[in-house]
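Got chain A sorted already, so can you dock chain B onto it with the hints?
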Amino acid sequence: MSSRIPLVPENAAPLPSLKENNGLLAWVASVDHKQIGIMYLIITLVYFLLGGLEALLIRIQLAHPGNDFLTPEMYNQLFTMHGTTMIFFVVMPFLIGVGVYLLPLMIGARDMAFPRLNALSFWLFFFGGILLYYSFFTQSGAPDVGWFAYSPLSEKPFSLNKGPTYWALGLLASGIGSVASGLNNVVTILTMRTPGMTMRRIPLFVWMIFVTSLLLIFVIPIITAAFAMMLLDSLLGATFFTPAHGGSAILWQHFFWGFGHPEVYILILPAFGIISEVIPVFSRKPIYGYEFVAASTVAIGLLSLGVWAHHMFAVGLGNVANAYFSLASMLIAIPTGVKVLNWVATMWGGRINFATPMLFGTAFIIEFVIGGLTGVAIASVPIDWVVTDSYFIVAHFHYAIFGGSVFAIFAGVYYWFPKFTGRMLSETLGKWHFWLTVIGFNMTFFVQHFLGVMGMPRRTYTYHDMPYWGSMNLLSTIGALILGLSAIVFVWNILVSLRNGKPAGDNPWNAWTLEWATTSPPAVENFELVPPVRGRRPLWDLAHPDQPDEPGAKIV
Amino acid sequence: MNILHFLGSAWSFEPWVILFALALFGAYTLLPGSRLNRKSLLFSSGVMLMVIALVSPLDHLGRNYLFSAHMVQHILLLLVIPLMLLSGIPEAAAERALNSPYAGGLIKFLGNPVPAWLLGVGSMWVWHMPSLHDIVMANEGLYIAQQISFVLIGVIFWWPVFAPVKTARLSPLPAALYLASACLGCSILGMLITFAGAGLYTAYANPADSAGILSYIRNELCITPGVDQQIGGLTMWVPGCLIYLAASMVTVARWYASPEPGSVNTCTAESEVTTDLKLKEATERE
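Protein chains in written order, with my numbering: chain A, 32 to 587; chain B, 109 to 394.
Simulated from the structure, these hints should not be mistaken for lab results. Just so you know, even glycine gets a beta-carbon here, dropped at the ideal spot from N, CA and C. Check the hints yourself; a few may be wrong.
[Claimed, not checked] Pair ranges (Cβ atoms, derived):
1) A:M361 - B:A135: 41 to 47 Å
2) B:S120 - A:E581: 35 to 41 Å
3) A:A259 - B:I256: 40 to 46 Å
4) B:Y210 - A:L262: 55 to 61 Å
5) B:A131 - A:G380: 58 to 64 Å
[Said to hold, decoys possible] Just some of the chain A residues that point at chain B, by a computed CB distance under 7 Å:
6) E322
7) A330
8) L333
9) G337
10) V346
11) G349
12) A352
13) A359
Just chain A, same shape as in the assembly (with noise of 0.2 Å):
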C-alpha cells in the first residue's frame, strides 16, 4: 500500500477524493498545483464566511446609536479581525491560488516550476491563519488594534494582551508564504512557457499576475521585517516602534503603508486580470489593446511603490511631502483609466453574452471606477484631512477592494468553476447571487460615504443619535444582511452545483486561452497535447485557421 502513495497522482482520475484509502494524504501531501490551488479555494471560501460573519456582528452593533450588542472590547477585535482576514486570508490567497491553479494551464505547462515550494506557501498561509485565529480561543482574545496596528497603540503598555503578537506572527508565516509563491509564479512564467507562447501573447491574467508577484516580492519584505520588531518590541523588549524610548511611531506607519498600499494593487492587479479574460470571451472579441493592458499595469505596479504616505496625511509629515504625494497619487488615476477604457471599448459593439460571470464583470467595472474616483478625491489633501478615519474612507475601500477585487473574484470563480470540477455553476442562483449582492453591496456602502461626509468616525464601536445616523446605519445593515444571505446563496450554489450541476464540457464558454483546450476538470499531467501557440488567442486560431489573430500565423 505504501508505495501507492500518490505524492504526485499519476491515475487518469484527475483530483483524489478524501473518501478513498490515503485520501487524506493524497492532498495533504500533494505538490499538484491543480489540488493546492483547489485547497487554496477552498480554504479562502471558509475565511470568506468568517470574515463576513464578523463584518455582520459589527453590522448589527451599529444598526442603531447606542446599541449594546456587542462591548467595545468585541467590537475592537472584531473589525481587526474582519480586516486583517478579509485582507491576508480571502482576497489575498483566493487570487494567489486561482493563479497557482491557472498559471500552468494558460501557459501550457505541466506544473509550476517549485512544485515543492508552492506546497510551502500554501501551508505557510494555512498556519498562519489558525494561528491568527487561534488567538480567539486565548485569554486576552483576538488581536484589537485595527488591520494596521499602529504603534504605539500595538505596544506596550497599551496593549498587554496576547492579541497582537498572534497577530504578527500569523501574519509573519503567511506572508513568507506569499513571498514564495511571488517567487514561483515568476519562475514559472519567465521559464515554463510553451514554444510559441512569448511574453507578448501571455494572456492578460498572466500578465497581471507576473507585476503583482513582482511587487509581493519587493513589497512584502517590508511588511515581514516589521513584525520582526514588532515581535522584538513585545516579547524581548525592544523599542523599535516606542516613542518613549527613543523609537519612533511613525517609523511602523511607514513601513505598514510602504507594504500597504502597493499591497491594494496586489489585491487589485490579479483582479484586473480576470476581467480582462472574462469581459473578451463575454463580448466575443479579443480585448482592446492588449499592449495598453499590460504596459499600464507594468505602469501601476511601479508607481504603487512611492505613493504610501497618501495614508499618512494626516501625520504631519509637512506641507511638502503632501503635496508631492497627493500628485504622484493621482498618476494611479492614468494607467488605471487607461484599463477601464479598455474594457468598455472591449465590449463596446461586442456581441455581449450576459451570463453570470459578465454580470460580475461588469459591475466590477462601475463599481471599481466608484471606488477609484473618490480615491482621486482622497489624495487630495484637504478632502483627506476632512474625511480621514471616517465612513468615507470605509467606503471608499469597499468600493475598491468589494466592488473591485471581490466582484472580479466571484467572475472569475462563475468563470473557471466548470473548469475546476467539470460542472457548471447554476445560473438561476448565479443572477440571484448577482442581484443580491450588487444591491446588498450598494446598500451597505454607498451611504457610508454620507456618513462620512457628516463626521461619523470609524473603529469606534457606537455613536450618539445624530439627524439621519441612525437611519443611515440601520439602511447599511440591512444591505449587509442582504450581502450576507447572498453569500448563503453562494455557498448553496457550489454545493448543488458540485453533485448536480450540468456537465461542462471542455470549453462551455467558447473561450481561447489554453486552460480551456483541456478537459474539465483538466488531468493530473493537464494537456495530452498543448496546441499550437501562434497569437494571443490560440484556441481561436485553431477553431478559424483562415483567420488568425496575428497575420503570417495562419495554420497549414
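For chain B alone, kept in the frame of chain A given last:
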C-alpha cells in the same frame, strides 16, 4: 536684494563650464557621421541645458542657499542632460568607437549593466553623503569634478538602455528591470533625505547670504532649512523616479513595437500539423 535683480544678476559664466561645453561641442563635430539633423540638435540642446544648469541662478542657489535647488540641478545633470547627449550621438560614431581596440573595450566594460548601474546609483549615494557634500560645497576643484562626473556617469548609466547602437542595448524586459531597480535605489535615498529630520546638510543651515535674498527665501517663500531638505529629498524621490519610470515605459513600448522574436514556432511543422489534426478531431467528437 530684490529677487528679480537676483535672477538677473546671479549668472556666473565660469571658464570651466564654457570650456567643458566647448570640448563637448568640439568632440561632437569630430565624430564620424555628425551632421546637422535631429540628433545633433538634441545633442546641442543637451549641452545648452547643461550650461544653463551650471551658470544660471539655479547654480548659485544650489551652492549657497538651497539644497532643493542643488537637487534640481543634480537631477538635470545626472538624468536629463546625459540622456539628451547620448541620444544625440550618431550611430556610426558609436559603432566605430565600439570597434576601436582601446575605447571599444572601455565602453563595453563601462556599458555593462552592472558597472553602469553601480556608477549611476552609486554617484547619487556617494555624492550625497552629508560630510562629503559639505566638503564639496567648500572646495571649488571638487565641485567642478562633481559636476563633470554627474554628466559623464549619467551617460554611462543610460548607455545600456539608450545606446545609439541597438546591439549594445539590453533587451527590453531586463532594461525595464535595470531602470526600476535604479528607481528603487534613488527612491530609498530620497526617502532617507526626506524623512531624516532637518539639518542633514549643514552648509544650508546658515548660508552666508552673499546675494541678500535669504530673508526673501525664509520669510516670503517660507522655505526653512527643514522644508528645503524635504523638497530636495522629494525631488530626488518622486520626479527623479518618474524619469526612470518613464524610461522603463519607453522600453516596454519599444518591446511591443518590435517584431516578435518567437513568432516562428520552435517545434517542427510536421508535428504541429499532427497536433492540429488531433485537436480538431477531438473538438469534432464533441
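Status of each hint after checking the structure:
Hint check: M361 (chain A) to A135 (chain B), Cβ distance near 43 Å, so the stated range 41 to 47 Å holds. Separation of S120 (chain B) from E581 (chain A) is about 59 Å and departs from the stated range, judged on CB atoms against 35 to 41 Å. The beta-carbon spacing between A259 (chain A) and I256 (chain B), approximately 44 Å, falls within the hinted interval of 40 to 46 Å. A beta carbon spacing of about 57 Å between Y210 (chain B) and L262 (chain A) agrees with the range 55 to 61 Å that was offered as a hint.
At about 60 Å, the beta-carbon gap between A131 (chain B) and G380 (chain A) stays in the expected band of 58 to 64 Å. Because the beta carbon of E322 (chain A) sits about 4 Å from the nearest beta carbon in chain B, less than 7 Å, this interface hint is met. Interface hint at A330 (chain A): satisfied, since its Cβ lies 6 Å from the closest Cβ of chain B, which is below the 7 Å cut-off. Because the smallest distance between the Cβ of L333 (chain A) and any Cβ of chain B comes to about 5 Å, under 7 Å, the interface hint for this residue holds.
A least Cβ separation of about 6 Å between G337 (chain A) and chain B falls short of the 7 Å threshold, and the interface hint therefore holds. Taking 7 Å as the C-beta cut-off, the interface hint given for V346 (chain A) is violated, the closest approach to chain B being about 11 Å. At its closest, the beta carbon of G349 (chain A) sits 6 Å from a beta carbon of chain B; the interface hint therefore holds under the 7 Å criterion. This hint holds: A352 (chain A) has a C-beta 6 Å from the nearest C-beta of chain B, less than the 7 Å allowed.
Annotation: A359 (chain A) was flagged as interfacial toward chain B, and the flag holds, the nearest CB pair being 5 Å apart, inside 7 Å.
Hint compliance for this structure: hints 2 and 10 are broken, all remaining hints hold.
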